[in-house]
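Protein chains: 2
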Amino acid sequence: MGNRITNIYRRFFDPYLASLIENQRSLFNSRKTEVISLEEKDLTIVFWDISGFSGLFNLIKRQYEVTVFLEQYFGLADRLIHKHNGILNKFMGDGILAIFGYRNIKRADVLGASDALNCAFEFRNLFDDMKASWIKLWHLHFGYRPVRLDLKCGIDSGKALFGRLGTDKRDEITVLGTVVNFASRLECRAKSNEILISKETKRRVNKLYDFRVVQLSNNQRIRGFPHVKYYYEVLNEKPLRFANR
Amino acid sequence: MGNRITNIYRRFFDPYLASLIENQRSLFNSRKTEVISLEEKDLTIVFWDISGFSGLFNLIKRQYEVTVFLEQYFGLADRLIHKHNGILNKFMGDGILAIFGYRNIKRADVLGASDALNCAFEFRNLFDDMKASWIKLWHLHFGYRPVRLDLKCGIDSGKALFGRLGTDKRDEITVLGTVVNFASRLECRAKSNEILISKETKRRVNKLYDFRVVQLSNNQRIRGFPHVKYYYEVLNEKPLRFANR
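Which chain is which? The protein sequence lines are A and B, in order. Those letters in the first sequence? Residues -2 to 242, by the numbering used here. Those letters in the second sequence? Residues -2 to 242, by the numbering used here.
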């Protein structure tokens, strides 16, 4: 019954990655090669996390009150990341790691970054709607005081290694590089529902959005990135968009 | 060729989880049920991360210099987590999330915590050996200045949800709960190669190890856990061990 088991396993993978695995093709070209070997590419990396989620866990009495919420959140992320040409690489608790730019054949650097920002905006909007219903339900039906939940987001762009890291016994699809660490740090820095991006991501989407610069004083520097003196909060989409988008 | 593809997919999973998936059994009992449904259990959660790894990425010129190191690190983690009855749940860049206590039939709370600590000690020792060879290689052969790499570790124990979170399109095996968040925060707090554990984990392994209490002043409190006033660093195994271990 290999086929039935394959169908079960496949559901644990991003569909695009699953198709590469099953065809044993490289992520980055169509040569038949080792399954998704680790390669360097120009990518945009996005981390999301729900602030206030720990507090919610302390509050609830029955686990389904939170698992149904999480399933909906996971389903929403999966759908939107796909819609915007990204890969949902990892889902850990309420944390999400997504990768953009690998499926864009041309201008992958710019389109990957704009896909990521478009996804982040749409996810924030739809999360806000979903959250409002749940907070009402938790409050009215289960009697919990209104909780505050915010979707935080950190984004960086640049060269990263993406693909399969393998040992003799075990494989894992992972992404590696300073842009991954920096995107994660930005997500940690985000307050309430901010979308924070690096200087490099901003450069790629400069014409599409409005930004606010966040200056870092000496005692606010980011661990591991002492040279970084500022990053940006994305404020809103600019009203005028490129005709070809 | 379902079987060949199943063999490829299987390598992306912890072998114990793979056997549960293929037998479609619950993680926590032997009833045939939904594949690994999300259930609450008493677990010990461990996070590891390599401090200094970002700096290394900035230094290297050829990616194999770091991917071969990572493959070895990943293989070591996989082997040791297994040896100590744990599950390697996620591998993200240089970050690892492992789960202990789910396979211990009796006294899962105490044995899960002691398995986790024994694993953390052995991993730190073997990582130190491995690291020493690599730092020498990077320095002598590739000409890089000696880097400092440390294996940081954070551990907490208690009730958590573990299993499959599913949507109509996608599944993910994940672990959820305040102990997961707290273990992650402890790992972030660890300096150099410290193994930091919560009060609850310490209670479970009190007789096996020596500890140092880390008091938190008001401005050192952990985000999301304002009530936590202290945690522990694990110093060393006590010379006298239980006869039945």
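Please note that the accuracy of each hint is not assured.
You can't tell identical chains apart in this list, so a pair holds if it fits in one copy or across any two.
Distance condition first, Cα-Cα at most 25 Å in a straight line; then the derived DMTMM-like pairs of lysine to aspartate or glutamate [unchecked claim]:
| no. | residue 1 | residue 2 |
| --- | --- | --- |
| 1 | LYS80 | ASP125 |
| 2 | LYS128 | ASP39 |
| 3 | LYS133 | ASP106 |
| 4 | LYS166 | ASP125 |
| 5 | LYS166 | GLU19 |
| 6 | LYS156 | ASP106 |
| 7 | LYS188 | ASP11 |
| 8 | LYS204 | GLU68 |
| 9 | LYS196 | GLU169 |
| 10 | LYS166 | GLU230 |
| 11 | LYS226 | ASP125 |
| 12 | LYS156 | ASP126 |
| 13 | LYS196 | GLU19 |
| 14 | LYS166 | GLU119 |
| 15 | LYS235 | GLU68 |
| 16 | LYS199 | ASP168 |
| 17 | LYS103 | ASP168 |
| 18 | LYS133 | ASP11 |
| 19 | LYS58 | ASP39 |
| 20 | LYS38 | GLU68 |
| 21 | LYS156 | ASP46 |
| 22 | LYS58 | GLU68 |
| 23 | LYS196 | GLU62 |
| 24 | LYS199 | ASP39 |
Hints listed in this document are in silico derivations from the structure and should not be mistaken for laboratory results.
Item to check | Non-conforming hints, listed in increasing numerical order | outcome: 2, 3, 7, 8, 9, 10, 11, 12, 13, 15, 16, 17, 18 and 23
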